[in-house]
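Colleague: Make one complex out of these two single chains by using the hints.
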Amino acid sequence: MNAIEINGIVKSYGNVRAVDGISLSVGEGEIFGLIGPDGAGKTTLFRIMTTLMLPDSGSGTVCGLDIVKDFARVRRIIGYMPGKFSLYQDLSVRENLDYFATLFGTTVRENYENIREIYSQIEPFEDRRAGKLSGGMKQKLALCCALVHHPSVLFLDEPTTGVDAVSRSDFWNMLSRIKASGVTVFVSTPYMDEAAQCDRLALIRDGVIIGTGTPDEIVSDFPYRLLSVGGDRMYPLLKELRKTDGVISCFAFGDSHHVAYDPAVTGRERILASLADAGFRGCSAVETAPSVEDCFMWLSGSGDN
Amino acid sequence: MEENVITIWNLTKKFGNFTAVDNISFDVRKGEIFGFLGANGAGKTTAMRILCGLSRPTSGEGTVAGYDINTGQEKIKRHIGYMSQKFSLYPDLTVRENIRLFGGIYGLKDREIRVKTDAMLGMLGMQSEKDKFAGDLPLGWKQKLAFSIALIHGPEIIFLDEPTGGVDPETRRRFWEMIYDTAEKGVTVFVTTHYMDEAEYCDRVSVMVDGKIAAMDSPAGLKSGYHARNMDEVFRIIAGRAEREE
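Going down the list, the protein sequences come from chains A and B. Mapping the first sequence onto this note's numbering, position 211 (from 1) lands on 211, and the numbers just tick up by one. Mapping the second sequence onto this note's numbering, position 164 (from 1) lands on 164, and the numbers just tick up by one.
Chain B extracted, bound-state conformation (with noise of 0.2 Å):
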């Protein structure tokens, strides 16, 4: 049977008289590259939000790693990973400062950031980097970093906000290998980006426009579906019917 590790039910979300979120209901399996593509302004971040507990909806109901959206923010944030492109490490602490700060902040014990810390420098091929700036890392580096420290509590599900923005096309191609070894292992990943040739790399995409879900199906059955060549012309099939801007 398969295990859903997402499971949203009529989600909605207002600011004032503005419905970021209309009544959007999705579920994401166990394991599964869940790509959330949309275009800007679409309700993304919004529901990205309250998916990692940080925000409340306005109505709806579901759960995260097991947890309630509406009851159980706390317990989410501790069973979920996060990583964006914009922040993820500090850049003024080394790179083991880095990994003992989360390490903490999730509540690890010092023993086991020790050992973590070991294990991760050693996959990571980084034992001579451990006390150099975070900052002073080439960009390639910090995102492997960035992406182990997400996971270093052993999350159920890893949410990744435009992970590979900006980045060259190396080193975005290396960044998604990571998630596909990450998957593997039966973490769940949740990620969103302006890449449409990423889109491709995901078990399922689902396209959100002017708050809702347009579109939800495997990359495969979207271009099928659309009769389109690849998922660059299936968001603009879907998300070229936007009526609202950011």
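The following block holds chain A by itself, in its conformation from the complex (with noise of 0.2 Å):
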């Protein structure tokens, strides 16, 4: 039994179509990215599989639950970690953690083990109240409290929005750690360099899936070659680049630019000869491996300059 099941799930708000027929599966265990911008329908689509909001149309289970008819069953099998920090501000640390036990029934001792690694770092301030804690540690209580009760999937939105990248990292190894407890993890984020940690995907962008599949498959479906070029005047190349014969696209990827091209028609030594008459000389080209970002900008259609 997958744990997670969806299909055809539309949501509309007034003439927006914030989820337009999602399906997905998610197998039990499994950590599944839902990869994509602002405004895409993530938040949407989470609200809807956690019971808080009811599709236009469409249908789901949650551990084979309905999350329509047995939404009640639901809500106690599953733990939510919304983006927006939602816990009681003028509660302490511990009075917010078992606030949340007592609710699913269980007390923080019974399921101590359960948090342990992620509570040991804030139980230093227990006593301060969630309100005053820094950013990081807000995350962790909410993190806490959304597992205290060992829920079987643990959905987590843009949980790291806005998060520096040394505690990014801290959290997705935090998330191969629950992982390993058999919980199966539903997670969102508009940080496409997150995707390699996750087993599965889907790509999301203006209410519709774009892409699915590991990070593996979804970077083996690009459709062409890849250049990582670089040189003296990193603007004025990637304007030269975009005019280039037989490049698709031209965009930045930090040090260099990524550029697709069609291999039927130019190749890497056709485009360097082409730069270098365009007075670009000594310009680095090596065939790069397409990333997970590579393939969304391609899905996205926005692929063609």
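Hints are computed from structural coordinates only; laboratory data are not their basis. Don't be surprised by glycine CBs; every beta carbon is placed ideally from N, CA and C. A few of these clues could be false.
[As the list claims (entries may be wrong)] Computed list of lysine-lysine pairs in DSBU-like fashion (alpha-carbon distance at most 35 Å, straight line):
#: 1; chain 1: B; residue 1: K130; chain 2: A; residue 2: K84
#: 2; chain 1: A; residue 1: K84; chain 2: B; residue 2: K212
#: 3; chain 1: B; residue 1: K185; chain 2: B; residue 2: K223
[Stated by the list, open to error] If you want the footprint, here are the derived chain B segments under chain A, 3+ residues with CB under 8 Å:
#: 4; region: 31-42
#: 5; region: 163-173
Modeller: Laid out in structure tokens, this is it:
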């Protein structure tokens, strides 16, 4: 049985179709990533899957329970960490945790092992009010509150948005340990570089899934060849590359430009020669494997200039 | 000779016992794209608020666009632009109303605003969008418009506070292309980001850790200095040593 199964979910707000016919399935014990920019429909989908909102149409199950009919039972077996910090700011760290444990008919002591690794990091601040915690600590407390009843499926809506690169990688290390304890994790993010940490992913844009699979499957579908091109005058180089024959698209990727080209039309040598003709000498060009971010840009139809 | 548009000496800001910004000094050159990085809570926002004339330092000296950070705050505000992903346009005003509002706030005359509005709409290709609510525009357009509006009064420096957070990969890159175009015209760009690939697009980058500037150099200089393959590794090495959180 899949941990999550949804079929043809649609949800509109007025004229806007926030979620436009989404189907996906998540295997038990997977880390499944929903990856896409702000406004893509990620949060709406989370609210539907966590039974907080009814879809206009479509159906779904979590651990075999219907997300509409069996909503009360679904709520007992899931943990949900919303994108916006939603704990009680005026309660202390410990009070928040006790409160959530009680709601689920359990105690912190009974489940301490589930959260020990994360909770031990905020335990020194047990008496501090949640509203007075730093962003990183709030995030850890919210995660503990979502885990304290030992859920089968954990829903995390943009847990790393606005978080710096170091804290983001710490957070993903925590997730892989949560997964190791047998919990299925459904997580959303706007950061494409986090995709590699997921077992499987769905790329979402404008309420539609534009690609799904393991990170390897997604990158293997990239239809063009990719060159990583570097040089001295990067911005003029970018503009020149976009004008070059056979170049499908060109975008900056850190210290080089990723140039997608059609191998039937051109190649590395021809591109370099054409750059040299335009006055860009001594450029480097290395064949490179596409990343999930390259694929997202291609799949969202932004590949052509 | 290189001209500095931001010069900061020994800047410190304390809140009670807490030293948010701890004796930092740096210069930013005219036309430079300067990346201001740091972990959450390192003191970036506090420092940036002082540079924008929104907060006074506890101690330290400096000038921004030629005006003193202790005594010339109102003048600083008039000579800089500011944009963040969190707030930049009024969603319930139309495109034209937003331009007019910000033009008015910066003291442009009605006639100037009309001229600027036409020029801006033409340049952005948004003529037919001028009466739409800003909130209804696609994100990429909103950003372009917000960026142009932040430049409406011809500031010497533009401060961009996480301008690309949560934005899709292409829109993020198109935004940086606008940054390049702007810097080429001599406008200095002071930018914060959590995307480490974007740190590579800056001329120089500083990394704040626990209120101090722990490193400052070109991306190439930082990478070779820390024996790192990319800025992400550089950031992890430097910011990984942080002792405090927000």
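Colleague: Please name the hints from earlier in the document that this structure breaks, with their numbers sorted from lowest to highest.
Modeller: none
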